[in-house]
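A.B. asks: Sequence:
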Amino acid sequence: MTAIPHRQRQRAIVALCCGVAAALMLPAGLVVGYNSVLNSGNGTNVNNVKTLTIPSTPVALLATVNSSNEVTSINVIALSGNSLGGTIISLPAKSMAEVADDEEVRRVSDSYTGGDASAFVADVEGLLDVSITTVGILKRADLIDLFEPIGPAEILLDSDVRNTEPDGAQRTIAKIGRTTVETKTLVDILLARQTDQAEADRFNHQKSVLTAIANTVGLGLKLEPAVSTAETPADFKSVFQRLISGPIQVWQFAASAVPAGDLNPNSIDMYQLDPAEVTMIMASVAPTSKTSSDLTGQLSVQIDSPFNNAVVSREIVRRLMAKGLNIALVREVPGPPQEITRLLYVDSNVLAGVEDLAGFIGEVSAGRTNERAQGIDLQIVIGASFAQFLESNPEIPTTTLSVGDE
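-17 is the number of the first residue of the sequence shown in the working numbering; add one for each residue after it.
Careful: at least some of the hints might be erroneous.
Only pairs whose alpha carbons sit at most 30 angstroms apart, straight line, appear in this in silico DSSO-like list of lysine-lysine [said to hold, decoys possible]:
1) K157 with K189
2) K166 with K204
3) K204 with K121
4) K157 with K121
Just the calculated beta-carbon pair ranges, DEER-fashion [to be verified]:
5) S238 with S141: 11 to 21 angstroms
6) Q254 with S220: 30 to 40 angstroms
7) A101 with D124: 14 to 24 angstroms
These aren't lab readings, by the way, just hints derived from the structure by calculation.
Positions of the beta carbon are idealized from the N, C-alpha and C atoms, including for glycine.
Sequences are here, hints too, so could you generate the full structure?
C.D. replies: This is the structure we're talking about:
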């Protein structure tokens, strides 16, 4: 009889990790972050508490613009702490922007006018809850120059890529399947837009280009002069050179079409990102670039997951966000998971803000720790109990927390 609870826990873990999106792996930036944070002690205070410094993870914006002055792709680059390489993340150009109650609904790309790009950059920052330090909004010639060191790349496309030319003719840029193309073709795929084609029908082409670049770069290109990690890159080209000088992880945000209705009164082609996924990824690969939440007085939380599975991490992020916590850092840590999810704190006063947390994430146990990452109030290490809790797909408790609460 004593083996039954153990088998139940094992089944819960297997079901959770082998479910709908079990193949998803979080970017390796989590592993890099894990090692870097653990090895970066910043000193000890009078209470013998060691503060760990999170390596700088600057974020850059890469947007491509076609000859009609339309934004055709939006990507953000998060450099890998103190090492070469990083993560490049794509989102639909027609993603729905975060707007105030008194503003009209708009897509992020609608903010780009070709002159002052500040509104466009601000919309990307607001949507991803990050601060962008370097911007590259590039047309064809500049993109070709940027990609030149990469050379020919093998790309796999799930459909033909076509572009509507200025005279209205349709031109095929690349055909479905696997082929090796020059960098000019990679650029043309990012720029291609077929008249009246839904963004959903071309979004995977963007990921195909980024994956082709990552695969070609491998462990990193040997550029001349060699790229250094001693200082934060001062311009976009330097950011990109540092990215391709090391291994590149690729992520593409899931996006769902916004149907006609209150959120889309004009029935335009527009897509909504998943806030939990956005928070999970940005807190994983760009924790030092995350901006503060609109909810004041929130506890800043670090999530450590031994599952190495995006489904698990996204679900706990979603539930903790609903609780009103600020997810500041997400890391992968060595497994296997312990039995019970652990809450680790330096100051026991933070427990007052999570006294009903079990209703959101299942059984937890609390304990004191003598080290914490900078800016973190509470460290949560996911246990097998979380997987078991999710077996019944429990609803998230309602809260009274609202934007602007003090």
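A.B. asks: All hints are to be evaluated individually against the structure, with a verdict given for each.
C.D. replies: For each hint, the structure was consulted:
no., hint, verdict
1, K157 with K189, "15 angstroms, holds"
2, K166 with K204, "21 angstroms, holds"
3, K204 with K121, "26 angstroms, holds"
4, K157 with K121, "23 angstroms, holds"
5, S238 with S141: 11 to 21 angstroms, "19 angstroms, holds"
6, Q254 with S220: 30 to 40 angstroms, "33 angstroms, holds"
7, A101 with D124: 14 to 24 angstroms, "21 angstroms, holds"
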